[in-house]
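S.K.: Let the hints inform the model, and build the full structure from the sequences given.
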Amino acid sequence: EDQVTQSPEALRLQEGESSSLNCSYTVSGLRGLFWYRQDPGKGPEFLFTLYSAGEEKEKERLKATLTKKESFLHITAPKPEDSATYLCAVQAPGSARQLTFGSGTQLTVLP
Amino acid sequence: NAGVTQTPKFQVLKTGQSMTLQCAQDMNHNSMYWYRQDPGMGLRLIYYSASEGTTDKGEVPNGYNVSRLNKREFSLRLESAAPSQTSVYFCASKTRDGTYNEQFFGPGTRLTVL
Chain P
1 EDQVTQSPEA LRLQEGESSS LNCSYTVSGL RGLFWYRQDP GKGPEFLFTL
51 YSAGEEKEKE RLKATLTKKE SFLHITAPKP EDSATYLCAV QAPGSARQLT
101 FGSGTQLTVL P
Chain Z
1 NAGVTQTPKF QVLKTGQSMT LQCAQDMNHN SMYWYRQDPG MGLRLIYYSA
51 SEGTTDKGEV PNGYNVSRLN KREFSLRLES AAPSQTSVYF CASKTRDGTY
101 NEQFFGPGTR LTVL
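Here the protein sequences come in this chain order: P and Z.
Under my numbering, the residue at position 100 of the first sequence is numbered 100, and the numbers go up by one with no gaps.
Under my numbering, the residue at position 42 of the second sequence is numbered 42, and the numbers go up by one with no gaps.
Think of the hints as simulated: they come from the structure by calculation, not from any bench.
These figures come from a predicted structure and were not determined experimentally.
Hints should not be assumed to be uniformly reliable.
[To be verified] List time: in silico DSBU-like cross-link candidates among lysine-lysine, alpha-carbon distance up to 35 Å:
#1 Z:9 to P:57
#2 Z:9 to P:68
#3 P:69 to P:42
#4 Z:9 to P:63
#5 P:59 to P:69
#6 Z:57 to P:42
#7 P:57 to Z:14
#8 P:79 to Z:9
#9 P:42 to Z:71
#10 Z:57 to P:69
#11 P:59 to P:79
#12 P:69 to P:57
#13 P:57 to P:68
#14 Z:57 to Z:71
#15 Z:71 to P:59
#16 P:68 to P:42
#17 P:42 to P:63
#18 Z:57 to Z:14
#19 P:57 to Z:71
#20 P:59 to Z:9
#21 P:79 to P:69
#22 P:42 to P:79
[What the hints assert, rightly or not] Among the chain Z residues that face chain P by a calculated CB cut under 8 Å, a handful are:
#23 42
#24 58
#25 90
#26 103
#27 104
[Said to hold, decoys possible] Negatives, chain P to chain Z, calculated, CB over 10 Å:
#28 13
#29 42
#30 49
#31 56
#32 76
#33 79
#34 81
#35 82
Beta carbons: idealized from backbone N, C-alpha and C, even for Gly.
M.R.: Okay, here's the thing in structure tokens:
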């Protein structure tokens, strides 16, 4: 059974204090790992897709990386507007329609 | 483009009542999905539609039915609501089923069943 575990559950940072969020996964033959951002009362907003170990993608202050067992979302010099819940999801072979989601990391960036 | 839209935004039902959640997308996507989100459990797939005219069960289909009305619209029906169906419901779409690309989500419907 595919499993996704995100840590920490919650993270509080001061503005400008860089950190990383972790997404550990157990899936046979990963076909895609997705990062989403979710603001309170809103739907998940797509950030990145990673397909193979060693791949990296960047967007503004966010950088996502992928290994064979986990993915990291690095946040460099965060701002209060980066506060949100960050969700990780995976797709395995033969389940191209179904994403398995983690429970998310709730990030709070204090001014 | 509005992307994925959902109605209503909020709904309160009594046990046993029925209702339909509406979803529409204007991105010309073939595949559409219904998820529920509960605290501490992540998003779970209820039903999906790989293409117009087809629907299939996801991980947690019991108590729900769906209709793919046309390429744009995918509705979720609760025939007899139960308190266990209190949740936030999200509709999503993507270009085509069978591909490993991203899904795009709507703003959600917050449902409370008393």
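S.K.: Check each numbered hint from earlier against the structure, then list the numbers of those it violates in ascending order.
M.R.: 2, 7, 29 and 30
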